[in-house]
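Chemist: In case you want the letters, here they are:
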Amino acid sequence: MAITSRKEFKVFFETFFLPVYNLMQRYTGESELSRDFTQEAFTRVFEHREEFETMENAKAFVYTVARRIYLDYCKHQKIKAEYRARLEEEKAEEEEDFLAEVTRQEAFRILYEAIDKLPPQTRSIILLNLKGLNNTEISGQLGVSVNTVKSLKKSAYVTLRTLLSRDMLMILFILIEK
Amino acid sequence: MSLLRKHFRIALWIAEELAGVISGEDQARLDAWREEHPVHAREYDEIRAYVAAGKEDEEVEKECVKREWQKFEREHFRKYVIWRKIGRYAAVLVLPLLIGGYFGVASWLDGEQPVVVSAGIVPGGGKARLVMANGRALNLDEKLEVKLDLPGMKVVTDGKKIVYRAMGEPVADTLTAGINTLFVPRGGEYMLELPDGTRVWLNSDSELRFPVRFAGDKRVVEIEGEAYFEVARNEKWPFHVMARGTDIRVLGTSFNVSTYRGRTVTTLVEGRVCLTHGTGAVMMLPGRQVEVMAETGEMIMREVDAKSFTLWKDGVFYFEGADLETITERLSRWYDVDIVFEDEELKKSRFSVEMKRYDEIQDLLTKIEKTRKVKFLIQGKAVRVHKWLDSYDLIE
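Residue numbers (our numbering), protein chains in the order written: chain Z, 1 to 178; chain V, 1 to 396.
Be aware that a few hints might be false.
[Stated by the list, open to error] Residues on chain Z that point at chain V, a partial pick, calculated with CB under 7 Å:
id : residue
1  : F17
2  : F42
3  : R44
4  : H48
5  : A60
6  : F61
7  : A100
8  : F108
9  : L111
10 : L128
11 : L130
Everything labelled a hint here was simulated from the structure, so no lab data went into it. Please read all numbers here as calculations on a predicted model, not as lab measurements. Glycine included, C-beta positions come from ideal geometry on N, C-alpha and C.
Full structure from sequences and hints, please.
Modeler: As structure tokens, then:
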């Protein structure tokens, strides 16, 4: 797995931009700063692009380096001196926050990447299902029979199982081919 | 496992649970993690709520990512930087240079040598990256010769091919167990010989996943992109090529497979193969081609001149009545160039042309230009395709 060509890097960028950006948003609460930090994080990935042997390594790197960029920024900001003091005290808590946010972003990314590959009708059904609607409610909302909802759901589970159970690395490759 | 990686797995489990497809084993692991600590339980509830709430505004998000990528691309991928630097002079310069070239009077540029506009574009060659089952990776390029002595296995590369030879009895080892992957980038080609004697030629922008040692009652590999197979005959040991959900079962035979643009195209040269996709199955004879649409599973069978689909492995570009989109797609993979159509209609026009793959791209483009239907302009590593204008006749 390499992310060296422009095409491969583009897929990587498009896959992880929002998750990393959301992580930065959570840290800074500012969209412009978050965008800059995220760009910087991908620049670091770009500089090391020859070194990643698996997609998981590159993924771990981009999240970790984004966090590092933010923490370094805090260090350089004298006004945030007290933050730094707090950081020393609450190092464990900061790490927990980081891990929780990354987990949230990853769960979101992985699920929707798979759902977005479903055919439109099936996709709508799964999205409504996620929102907690039952088959009858879905059938009413989409104007299709309950049996159609059931059978499309069934086929969706087969597709989703394949997409999710395959190594994430492979999913990326499928994306690259498109 | 690092904490971060552990959380990657938890994220995957939660995604699977929400999709309703988690395995019993992983469900038990996820439950165990959740019950380990009240903090985990809270984290879990938050994540589920966040994910189930869905996307805020898909279109806005897509636009944002697109914009940010363009910004990144401008800064880090060279050809865009060059174009920005040359700026608006670029468009003005290219045409005079071409005209100058045609008149043979390029010396107006302060007596300098004529500028070869396609200088950055070179034909492809032996390039590949091998990723072994244990995650170790090896870049194989034209100059690299590698000899590896693995337990019970010899691996030799010579810049164009990689050969696996079984030595003695099978030995269990991390380097020879599991799935290896051979990636061939754009602008590359590579040949692989498996220990059973099967040979696989991989075209540009392709990858093959294979076990170093076949085990079990069948031999299975997986292909993305394009490859030509010469499968070592063994009636008792069927060979399967998996190509985007299509299962190609062979006994001993030669055939070509490509999976570009969501279509798996199998062309049989010799022998016999049985092809299945979903519930559809078909037995192929030599000279037949079957195209499977990945999305719908629809199959189309036709009779073709099978040889012409495998000439690429012998270093020949061969197109017979092919549409320009297909032709330029092939060129873009082999020469690693971007193709830009100024006129969408042109994609559908058909041409027949033949050329050696190791020649310059300009040679093939010139051949096509002779039909006076299209004009190609090379800019850096991009080729722009224009409609032929009568005024071009004046400069020819």
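Chemist: Confirm or reject each hint.
Modeler: Each hint, compared with the structure:
For Z/F17, the interface hint holds, the least distance from its beta-carbon to any beta-carbon of chain V being 5 Å, beneath 7 Å. Contact between Z/F42 and chain V, as hinted, is supported at the beta carbon level, the nearest pair being about 6 Å apart and thus within 7 Å. Checking Z/R44 against chain V by beta carbon gives a least distance of about 11 Å; that is not within 7 Å, so the hint is violated. With 7 Å as the threshold, the beta carbon of Z/H48 stays out of range of chain V, its nearest partner Cβ sitting at about 13 Å, so the hint is violated.
Evaluation of the Z/A60 hint against chain V yields a held restraint, the C-beta minimum of about 5 Å falling below 7 Å. Because the closest C-beta pair between Z/F61 and chain V is about 10 Å apart, greater than 7 Å, the hint is violated. Given the 7 Å rule on beta carbons, the hint for Z/A100 holds: about 5 Å separates it from the nearest Cβ of chain V. Checking Z/F108 against chain V: minimum C-beta separation of about 5 Å stays under 7 Å; hint holds.
Evaluation of the Z/L111 hint against chain V yields a held restraint, the C-beta minimum of about 4 Å falling below 7 Å. A cut of 7 Å between beta carbons decides the hint on Z/L128: the least distance to chain V is about 10 Å, and the hint is violated. Interface restraint check: Z/L130 against chain V, minimum CB-CB distance 5 Å, threshold 7 Å, status holds.
Checked against the numbered hints listed earlier, the structure breaks hints 3, 4, 6, 10; every other hint is satisfied.
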